[in-house]
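Take these sequences, add in the hints, and give me the full structure.
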Amino acid sequence: MTSLAFAAGERRQRDVVEVVLGFARTLRHAGVAASPDRVEAMLAAVGHLDVLDPGDVYWAGRLTLCGSPDDLDRYEAAFHAWFAGEAPRRSRSTAQQEQRLAESAPLSAPEGDGSESEEEAPDLKAAASEAEVLRSRDVADLTVAERDQLRRLFALLVPAAPMRPSRRRRPDHHGGVDMARTIRHALRDGGEITSLRHRRPRPRPRRVVLLVDVSGSMSPYADALLRFAHAAVRARPSSTEVFTIGTRLTRVTRELRLRDPDKALAASGHAIPDWSGGTRIGEVLKAFLDRWGQRGTARGAVVVVCSDGWERGGTELLAEQMGRLQRLAHSVVWVNPHKGRAGYEPLTGGMQAALPAVDHFVAGHSLAAFEQLAGVIERA
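If you're matching positions, the sequence shown starts at 1 in the UniProt record's numbering and goes up one per residue.
To be clear, the hints were calculated from the coordinates, so they are not data collected in a lab. Among the hints, a few may not be true.
Here are the computed lysine to aspartate or glutamate pairs in the EDC-like style, where the Cα-Cα straight-line distance is at most 20 Å [as the list claims (entries may be wrong)]:
1) LYS286 <-> ASP274
2) LYS339 <-> GLU371
3) LYS263 <-> ASP141
4) LYS286 <-> ASP262
5) LYS263 <-> ASP359
6) LYS339 <-> ASP148
7) LYS339 <-> GLU320
8) LYS263 <-> ASP223
9) LYS263 <-> ASP138
10) LYS286 <-> ASP260
Following this line, the structure appears as structure tokens:
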């Protein structure tokens, strides 16, 4: 093989690897355990299939990356979102596909004569590259078509809840000695203690509370923030609460429990009376703490405030209420979409008043930023 043909084959191999790795990352965000060994199996499979054929790519991934029937629906949605097209129908029997995949060897550079042009890149790679670029784009700058594609990617988010130890214990190889189990086993052995039994606290999901600013200054980001909130509610409906803040406080947890994201956001829109209105964060935060926070909703929870910090009320009240919130909550996260822009500094009065009581100050302007936010919440 000539050096030109080898270089072309090497480029194609690298392109395929990048596409598959990006797709595997999307699957993991959707809740599919696309482990490294499964990714290697898919790479080995597509190395012996036609990477220009969506059907071959679809079945190569489905037969290698999915580990249980529960993964199939998530795989369908992820493939549709990542490659920006409907999942192809089965073109041949599963037995034939499995036989081809079983005979697959590690991915190698394809033979060629160097006549293929660089411009003839696979359509799948182009679609996947667009999806990867879209993850980092500011949602306020997207076109209608790009927003529609981003909605499908948002539907794949499965934010993990932070965990906390509970009073209940479970058997474990480590931890404190479980005297009751130790004695029971000793009685079975004639009263002699031959080994110690241990137990440790059983972790439980920590409550997550999201306060989403829907004022006029936040309107370009309100849809994306509520879609993230919907993903959080969908993942942990019993331990997630969502409120909107503007000129008043509105609880939208029940509306966001609808399974379909578009229906959930439409129901939330009908329930919010102050959409695109003014901002009185201090007053609304006081209303939340007086009615919900002191009664336990915010106590020991991870509270996420999503706002740009434009406060029309007094900043003294906001600082006071943020102090109350910090004392009640386990952790306070502030999400500001403008933080993702180069050169941004939190100079507004609202942000200056709030930041001393904030544990994590993060951006919220793109899908990639929301994925990072999910990690911050999980580790809080």
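* To do: Please work out if LYS339 and GLU371 have their alpha carbons no farther apart than 20 Å.
  => Between LYS339 and GLU371 the Cα gap is close to 15 Å, so the pair holds against 20 Å.
* Keeping to a limit of 20 Å between CA atoms, is the pair of LYS339 and ASP148 held or broken? -> violated (24 Å)
* To do: Quickly compare the C-alpha distance for LYS286 and ASP260 to 20 Å and report which way the hint goes.
  => Judged against 20 Å, a Cα distance of about 32 Å means the pair is violated.
* To do: Take a quick look at whether LYS263 and ASP141 sit within 20 Å of each other, Cα to Cα.
  => The given pair, whose Cα atoms are some 24 Å apart, is violated under the 20 Å limit.
* Given hint ASP359 paired with LYS263 - CA-CA distance at most 20 Å -> The hint is violated at about 33 Å.
* 20 Å Cα cutoff - pair LYS263, ASP223 -> Holds: LYS263 and ASP223 sit about 13 Å apart, inside 20 Å.
* Distance restraint between LYS286 and ASP274, which requires alpha-carbon spacing of 20 Å or less -> holds (17 Å)
* Take the C-alpha atoms of LYS263 and ASP138, compute the straight-line distance between them, and say whether it is at most 20 Å. => violated (24 Å)
* Is LYS286 within 20 Å of ASP262, Cα to Cα? -> violated (31 Å)
* Asked: Between LYS339 and GLU320, does the CA-CA distance stay at or below 20 Å?
  -> This hinted pair is violated, its Cα atoms lying about 23 Å apart.
Against the hints set out earlier in the document, violations occur for numbers 3, 4, 5, 6, 7, 9, 10.
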